[in-house]
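With the hints as your guide, set chain C onto chain U.
One letter stands for each residue in the lines below.
2 protein chains.
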Amino acid sequence: MSLVVVGSIAFDSVKTPFGERERMLGGSAVHFSLAASFFTEVRVVGPVGEDFGDDEYAVLHKRGVNTDEIERVEGGKTFFWSGDYEYDLNTAHTNDTQLGVFGEFDPKLSDDTKAADFLFLANIHPALQLQVRKACEGASFSGLDSMNLWIDSERDALAEVIGTVDLVFLNDAEIRMFAKEPNLVKAARKVMEMGPGVVVAKQGEYGASLFVGDRFFALPAFPLETVQDPTGAGDSFAGGFLGYMASLGADALSDQAQLRRAMTYGSVLASFNVEEFGTERVARLTRDEIDARYSELRRMTSLAELPGE
Amino acid sequence: MSLVVVGSIAFDSVKTPFGERERMLGGSAVHFSLAASFFTEVRVVGPVGEDFGDDEYAVLHKRGVNTDEIERVEGGKTFFWSGDYEYDLNTAHTNDTQLGVFGEFDPKLSDDTKAADFLFLANIHPALQLQVRKACEGASFSGLDSMNLWIDSERDALAEVIGTVDLVFLNDAEIRMFAKEPNLVKAARKVMEMGPGVVVAKQGEYGASLFVGDRFFALPAFPLETVQDPTGAGDSFAGGFLGYMASLGADALSDQAQLRRAMTYGSVLASFNVEEFGTERVARLTRDEIDARYSELRRMTSLAELPGE
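The listed protein sequences derive, respectively, from chains U and C.
With the first sequence counted from 1, adding 3 to any position gets you our numbering.
With the second sequence counted from 1, adding 3 to any position gets you our numbering.
Since the hints were made in silico from the structure, they are not lab data.
Treat the hints loosely; a few may be bogus.
As the list makes no split between identical chains, a pair holds if one copy fits it or if it spans any two.
Unchecked claim - Pairs of lysine-lysine, BS3-like flavour, derived with a Cα cap of 27 Å:
#: 1; residue 1: Lys189; residue 2: Lys18
#: 2; residue 1: Lys193; residue 2: Lys65
#: 3; residue 1: Lys111; residue 2: Lys189
#: 4; residue 1: Lys18; residue 2: Lys183
Chain U on its own, in the form it takes in the complex (with noise of 0.2 Å):
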């Protein structure tokens, strides 16, 4: 089924203690849709500006994303974001955010884009995020991530439009801060009671854990011995999330052991994203290389030997 996904499509510059790059090509959006492009047709929405170029796209296209709904903004600059990460890559400290054509981006969504099934509103402002919510009406399931910078400065507005989504995909502290709970099951409960009925707290090396209901499911990290980038871990597994279960239809949803393979893929497609710079390493990344790492992830969390050991 169809996936939409709007949120940045930005230019990077990323130091960390294994290297650093100038520009290179970032983005919620685009993380997120190289991630889902391996399960279902996926489509963008956001602006750039005129120093998006044709490399920049060949990306995106090479990966079967649809551009179509990319704004292209005459004399714009492309949303810019420069950061470091310290030994333990662990927090991200922001050098430097130029919104440029974000600043003034009023999406103007295409019918086909309004009837999308699946719909991921990933991290902007929260009246942005809620005015596609408000304009995508029919999809079946909707989907948010959002941050602490938003917790903190807008958090009505990031309440209403949580009331809205179906499945809410935070770090662990994003649950209990916004929250205002220290303990994560309580706290995905109270977001849960707001409206979504599926909380995913990522929790960075540790792996991440669902909240459906009274149901829980958790899921170690893959483990690496090669950690370069962790920029857009949690969009690419949001999009191998997603992807994976707009693969499915809106039945799926409902189911648990589909939910567990999506948390899954998810897990996956995060731990490819991080092993190099931005999307170097998910841009030429295969499907095979993607089944064989679920499998290597199911083996090493089942408590049962599982065949291939």
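Below, chain C without anything else, positioned relative to chain U:
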């Protein structure tokens, strides 16, 4: 098979956001032996003072723990620790430590103890761990725990005793710190290169990871709505893990599926430990409760839906 633990037997004064207790029974050997007692015969080695009375012995005896080798020092005072935890319970702040009789502890081990099959060196000075390890050279399996204090101040002595054991339990941050390597997979391998075939990285509320050569297994923590006091969680984990392995015998140590079950029992025992203060919860725990939570945790981590969901 018989399991011997050497470590602290203590009075703990603990304050958390959920309450406080003065001079309650605690210590690494106590938490370990209570947890292990559900699976096998456990013998505690360690000193106490005259202030250690019938009530404290009764908690151990009720669980069938062998206290013959608890050395009661006339005129001495039992090891005392006082600490508090912040809102999120992740970090303990030590307010006071009084070594008491532990300051001059020179273990005199009986022949029964020296002949134990399984040995656990709980978190005490590495030189003392080494002394006991050498005295119990017949043990077919030995494990140890340690802490940042010894990694900082007694690194060489710790490295020496690590070279003599089969299994190391440490927090993931401590493994990185000891190995001087920020990547956990590489850090665990460095520890294994020093001797131990098995490394368990304890990850607090996120669970634990098991490294055995090139094999990896990870398990999230059991999700709890009530966490009152994390003191002793790591020792309860080790007790559940090694108690279960000792119940199987030394042959099981090369059985990956059994090691994974041991991880699950460890996690279950740790989860009960933190629900109340000190030994309160584990002291009245039943094997049925353990098995029920084991099944629940198994269901929560299985990709397939298991019976009972």
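Unsatisfied constraints (hint numbers, rising):
The structure conflicts with hints 2, 3, although it agrees with all the remaining ones.
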